[in-house]
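K.L.:
Here's the letter readout for the chains.
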Amino acid sequence: MNILVCVKQVPDTTEIKIDPKTNTLIRDGVPSIVNPFDGYALEAAARIKDKNPDTKIVVMSMGPSQAEAALRDCLAIAADKAYLVSDRAFGGSDTLATSYILSSAVKKIEELEGKFDAVFCGKQAIDGDTAQVGPELAEHLGYPQVTYGLEVSLEDDSLHVLREAEDGTEIIGVKLPCVVTFTKPSFDPRFPTIKRKMAARRAKIEQLSAADLTTIDLTRAGLKGSPTKVKKSFVPPRKEAGVVIKEATPEDSAHKLFQTLNDAHVI
Amino acid sequence: MEAKSKDLWVFIETKEDGSAKNVGIELLNPGRELANKQGGKLVAVVVGYNTKAAVEEAGKHGADQIIVVDGEEYKVFSTDAYKLAMLHVIEKYAPTTILIGATPEGRDFAPRLSCNLKTGLTADCTGLDIDDETGNMIWTRPTFGGNLMACIMCPDNRPQMGTVRPGVFKKPAETENKAEVITEDFHVTPDQIRTEVLKVMKESAADFVDLEGADIIVSGGRGVGGADGFKILKDLADALGGVVGASRAAVDEGWISHSHQVGQTGKTVGPKLYIACGISGAIQHAAGITGSDVIVAINKDADAPIFDIADYGVVGNLFDIVPVFTEEVKKLKG
Ligand SMILES: Cc1cc2nc3c(=O)[nH]c(=O)nc-3n(C[C@H](O)[C@H](O)[C@H](O)COP(=O)(O)OP(=O)(O)OC[C@H]3O[C@@H](n4cnc5c(N)ncnc54)[C@H](O)[C@@H]3O)c2cc1C
Ligand SMILES: Cc1cc2nc3c(=O)[nH]c(=O)nc-3n(C[C@H](O)[C@H](O)[C@H](O)COP(=O)(O)OP(=O)(O)OC[C@H]3O[C@@H](n4cnc5c(N)ncnc54)[C@H](O)[C@@H]3O)c2cc1C
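Protein sequences appear in the order of chains D and X. Using the UniProt record's numbering, the first residue of the first sequence is number 1, and each one after it goes up by one. Using the UniProt record's numbering, the first residue of the second sequence is number 1, and each one after it goes up by one.
Where hints are given, some of them may not hold.
Residues from chain D shown here face chain X by an in silico Cβ test under 10 Å; the list is partial [what the hints assert, rightly or not]: (1) 31; (2) 100; (3) 131; (4) 160; (5) 162.
Source of the hints: derived by calculation from the structure; they are not laboratory data. From the three backbone atoms N, C-alpha and C, an ideal C-beta is built for every residue, glycine too.
Next up, chain D with everything else stripped away, as it sits in the complex (with noise of 0.2 Å):
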């Protein structure tokens, strides 16, 4: 089986704080990771290959040289090969230019490591938080889908797909090729090897520029290509400073703060 992983290189918003001057994101000095769902999607297709050793799994990456350290992280945990797709002229793009650049970054890579038989996304980026791209690759690509995946196995030309729903879980079949974007699972994906780890310092990124991706037409990538355009983004109004309460004992915290909420009209 050979299945393609999107991964998206992402900074790590539990480290993100504002500034209280300027009341801005600090971005400087917070570090990139892999997007967590996409070290779920990683994981779910290692599994895979776990039990069907001759599956390959390619992962593959749009964004500046820097996200090769992505990369590298997902060649060290249990990808075959990766690829960078980097482009200026992909800078700027929402999810449907993001989506569609992928599409054509899939239809290049295809042409060198052979089909596709699933393609596997995160739920979402914890950036942009959109969860868009991977239905939207699907609809590019033609392909049947399921979200919020946690598990999967191959059962003939399907996929069967443990799937989070609203109230419990289900098995969703659906036939290969397709696309599954995955959530958070209830175990921890695995960590690499130290001897992965060094053969992934040492390997190989593959890059594809715009011009490398031949059926691309450039005026659907990048901002030009967006039909949506943030006008404006602000942090946003921070609640002023909570009511602490603790007073002697528990009891008395306990008593203290039925008052005030009730004083509050809050109860």
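Please arrange chain X with the ligands on chain D, whose structure you already have, making use of the hints.
P.N.:
Chain X with the ligands alone, transformed into the frame defined by chain D:
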């Protein structure tokens, strides 16, 4: 695509029994004002099976017109059937704006639809407005786990589309039902639906909880210590007329079922009162609760990040505090 009208559409998601999910009806509220500003009709689009109840509800809540696509193939949600049904009516009527609830289903098929139409889709919006100058929608949405808000427009493509978070808007008041109903006889064949539900593992009805519609939520985290600990939270929730929620840590421990989970991989909630007990306030949890009117935190660690977003913070052991607080509430309500 060129818009054929200035109409604003609200997608009404239905349940398997043909009634409307809350979010679609909620969206008729901001939809009314936006439609008036755009100078077009407010149209509810209902897709489902035996949808009489949903159609009735959309009419009672102020839709000018209702477009209905009804068929057995829409009873259980599938990406393909819902996308094709919506594509059919959009291509036929070409509205200028479409609002879709940011439910798991909405966020699943809306991007396929917008992508097919080669138009923009703004994700998971919490604010909706119209730019006076251009008449374009201004969609406001949280990014970076709620740390940054963005205002987004789609100036050159139609329809302009967005998914909107459940619970942000209140249902509009009921009015006289004057809606014109248009039924579209559109069906998809089984081979057009390329996924199959093989098995459904529903939480038992007793385990299920409607967090998005709740006014009061009492949530517990790892600090609750076990399934037994949740009983004292349930007592408080019952006394307040609310429901119980949980952090991911508590769900992963198996102390409470997943439908209770709040946060980035759980529900986004907007109650009048959210009481977080033994929850540290990780960004993935906080992302789901910042829409609450009032947040109360009870935590024994005075430095827990939850206190940064709490309106009222009680430092102390929840097992000592919650039962006493519950007794007070019972006295007040009883
Ligand atoms: C503040 C702000 C708000 C925005 N709001 C919107 C909006 O509402 N609508 C819109 O269309 N665009 C929006 N954008 C643009 C959007 O963030 C980018 O298009 C981004 O490249 C992809 O979206 P995402 O980060 O939300 O990814 P998601 O759709 O959340 O990502 C889902 C999955 O797709 C894959 N993927 C995503 N990006 C890449 C990549 N570069 N390389 C490889 N795989 C990838 C990964 O598997 C990922 O887990 C916004 C941008 C900003 C800065
Ligand atoms: C991709 C991803 C998605 C995630 N999605 C979610 C999500 O949707 N929702 C979510 O909640 N988390 C999510 N998480 C997990 C999140 O990062 C945190 O690990 C989780 O929220 C922690 O839960 P907690 O606060 O209950 O536990 P902890 O962080 O362990 O905090 C327990 C708290 O309880 C306090 N405490 C202990 N005993 C007592 C006592 N007797 N009385 C009072 N206080 C006490 C402690 O001081 C501590 O602050 C996600 C993580 C990832 C990586």
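K.L.:
Against this structure, judge whether each hint is valid.
P.N.:
Quick rundown of the hints versus the structure:
Because the beta carbon of residue 31 of chain D sits about 14 Å from the nearest beta carbon in chain X, more than 10 Å, this interface hint is broken. Taking 10 Å as the C-beta contact cut-off toward chain X, the hint placing residue 100 of chain D at the interface holds, the least distance being around 8 Å. Taking 10 Å as the C-beta cut-off, the interface hint given for residue 131 of chain D holds, the closest approach to chain X being about 5 Å. For residue 160 of chain D, the interface hint holds, the least distance from its beta-carbon to any beta-carbon of chain X being 7 Å, beneath 10 Å.
For residue 162 of chain D, the interface hint holds, since its Cβ comes within 10 Å of a Cβ in chain X; the closest pair sits about 9 Å apart.
Against the hints set out earlier in the document, a violation occurs for number 1 only.
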